[in-house]
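Visitor: Following the hints, put chain B with the ligands in place on chain A, whose structure we already have.
Number of protein chains: 2
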Amino acid sequence: MGFWKSLFSNSAVEPAKKTRLRPVANQNGQIFFSTDRDIDLYELEELCDSVGWSRRPVRKVRIALQHSFVVISMWEQRGGFRRLIGFARATSDHAFNATIWDVVVHPDFQGKGLGKALMLEVIKELRRADISNISLFADAHVVNFYSQLGFNPDPEGIKGMFWYP
Amino acid sequence: MGFWKSLFSNSAVEPAKKTRLRPVANQNGQIFFSTDRDIDLYELEELCDSVGWSRRPVRKVRIALQHSFVVISMWEQRGGFRRLIGFARATSDHAFNATIWDVVVHPDFQGKGLGKALMLEVIKELRRADISNISLFADAHVVNFYSQLGFNPDPEGIKGMFWYP
Ligand SMILES: CC(C)(COP(=O)(O)OP(=O)(O)OC[C@H]1O[C@@H](n2cnc3c(N)ncnc32)[C@H](O)[C@@H]1OP(=O)(O)O)[C@@H](O)C(=O)NCCC(=O)NCCS
Ligand SMILES: CC(C)(COP(=O)(O)OP(=O)(O)OC[C@H]1O[C@@H](n2cnc3c(N)ncnc32)[C@H](O)[C@@H]1OP(=O)(O)O)[C@@H](O)C(=O)NCCC(=O)NCCS
Chain A
1 MGFWKSLFSN
11 SAVEPAKKTR
21 LRPVANQNGQ
31 IFFSTDRDID
41 LYELEELCDS
51 VGWSRRPVRK
61 VRIALQHSFV
71 VISMWEQRGG
81 FRRLIGFARA
91 TSDHAFNATI
101 WDVVVHPDFQ
111 GKGLGKALML
121 EVIKELRRAD
131 ISNISLFADA
141 HVVNFYSQLG
151 FNPDPEGIKG
161 MFWYP
Chain B
1 MGFWKSLFSN
11 SAVEPAKKTR
21 LRPVANQNGQ
31 IFFSTDRDID
41 LYELEELCDS
51 VGWSRRPVRK
61 VRIALQHSFV
71 VISMWEQRGG
81 FRRLIGFARA
91 TSDHAFNATI
101 WDVVVHPDFQ
111 GKGLGKALML
121 EVIKELRRAD
131 ISNISLFADA
141 HVVNFYSQLG
151 FNPDPEGIKG
161 MFWYP
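Line by line, the protein sequences are chains A and B. If you're matching positions, the first sequence starts at 1 in my numbering and goes up one per residue. If you're matching positions, the second sequence starts at 1 in my numbering and goes up one per residue.
Looking at chain A on its own, in the form it has when it is part of the complex (with noise of 0.2 Å):
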């Protein structure tokens, strides 16, 4: 499914002024959310690079977005021209759990309220999915941007934990 065709014909997909952005400095553009999953994934590349995140093989991030239960893009839109600025997604059991991971907003566009904007997208798109129990790992220097969300670190004392082999 091409880009614009989702853009435009999908109800899935809404243009940004639906939600509450704070203004954009110096943004001559618009910014919209999409929940397609055919992202290119070079661009998608470009952007985890921006932010300074290892490489991963294309063939396995076709594979996780597949099998990500919410996709969710950000992009700038001026003119024809459209560009990648943000991601997002979660995996699921459809039911009761989901777990956000690859929380990023490119370095030009951090600081203007985009990334708290991508997560409330996040987070709609899961609750209209009914899911009740929403996770993510934060790095530590992030925990206060999710805190600002609603996330709490260690509710009732509960340890986010990873296995080293």
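The hints are simulated quantities; they were obtained by calculation from the structure and are not laboratory data. Be careful, since some hints might not be right.
[As the list claims (entries may be wrong)] Below 35 Å or equal to it, Euclidean Cα-Cα: the simulated DSBU-like pairs (lysine-lysine) are:
1. A:Lys116 <-> B:Lys116
2. B:Lys60 <-> B:Lys112
3. B:Lys124 <-> A:Lys60
4. B:Lys60 <-> A:Lys124
5. A:Lys60 <-> A:Lys124
6. B:Lys60 <-> B:Lys116
7. A:Lys112 <-> A:Lys124
8. B:Lys116 <-> A:Lys60
9. A:Lys60 <-> B:Lys60
10. B:Lys124 <-> B:Lys60
11. A:Lys60 <-> A:Lys116
12. A:Lys60 <-> A:Lys112
13. B:Lys112 <-> B:Lys124
Guide: The following block gives chain B with the ligands in isolation, referenced to the frame of chain A:
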């Protein structure tokens, strides 16, 4: 797919003797693992009841099992009878991440090494699928249980967080 078929003819299902179980005291039966998702959901509910977990709609449990990446159940076999004595499952993006949920051993069978064997079975399945990032959210009182299995709490300051509406 019936239970017996899966137990004896499905290569993904292996008798427990292939995993290193510690001997089970007063145990005339045998312990088996299964990866079959077609579990009697009322038997699963009874198991979860036995450790005091709150009830969940069977309809949603069915969906959750269908959309889990790995489902491992543990059975005691005595003569012609089998009994569900343990359970664990994991969600995943099928590529990078998996998160383990709903780890439970029936109180009659706790403290005999079976929880550990069950977790090793889950980890084995995830490693077989080339998942490198295995995570979970541990209740405060079982952090040590998971630590012994190689799980680290808050590695590099990464915090498990849950969203509260
Ligand atoms: C984390 C990230 C997604 C935030 O996006 P952003 O667009 O810069 O965030 P916003 O502008 O929407 O910030 C929303 C609020 O969170 C705060 N915030 C933003 N980044 C923060 C951080 N790193 N630590 C603490 N608070 C932060 C902002 O001050 C703002 O607060 P305010 O509403 O009181 O002004 C973005 O910085 C990023 O992509 N970082 C690199 C990748 C990364 O670390 N991802 C998270 C991995 S777990
Ligand atoms: C947690 C649970 C799965 C452990 O199963 P189990 O069969 O009793 O555990 P094992 O006998 O395999 O124990 C393995 C090791 O962990 C230790 N251990 C077991 N339960 C523990 C606990 N609650 N806290 C700390 N250590 C624990 C054992 O002492 C044993 O250590 P050892 O190898 O040095 O002797 C089981 O107690 C259970 O179902 N509890 C209720 C449900 C629950 O809390 N699930 C976890 C939700 S996050």
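Visitor: Work down the list of hints and note, for each, if the structure agrees.
Guide: Going down the list of hints, with the structure as the test:
1. A:Lys116 <-> B:Lys116: Between A:Lys116 and B:Lys116 the Cα gap is close to 40 Å, so the pair fails against 35 Å, i.e. violated.
2. B:Lys60 <-> B:Lys112: holds, 31 Å
3. B:Lys124 <-> A:Lys60: With a Cα-Cα distance of about 20 Å, the restraint between B:Lys124 and A:Lys60 holds, given a limit of 35 Å.
4. B:Lys60 <-> A:Lys124: Judged against 35 Å, a Cα distance of about 20 Å means the pair holds.
5. A:Lys60 <-> A:Lys124: OK: A:Lys60 and A:Lys124 at ~27 Å, within 35 Å.
6. B:Lys60 <-> B:Lys116: It holds: about 27 Å lies between the C-alpha atoms, which stays within 35 Å.
7. A:Lys112 <-> A:Lys124: Given that 35 Å is the threshold and the Cα spacing comes to 20 Å, the pair holds.
8. B:Lys116 <-> A:Lys60: holds, 30 Å
9. A:Lys60 <-> B:Lys60: With a Cα-Cα distance of about 29 Å, the restraint between A:Lys60 and B:Lys60 holds, given a limit of 35 Å.
10. B:Lys124 <-> B:Lys60: holds, 27 Å
11. A:Lys60 <-> A:Lys116: This hinted pair holds, its Cα atoms lying about 27 Å apart.
12. A:Lys60 <-> A:Lys112: holds, 31 Å
13. B:Lys112 <-> B:Lys124: Cα-Cα ~20 Å, so holds.
Checked against the numbered hints above, the structure violates only hint 1.
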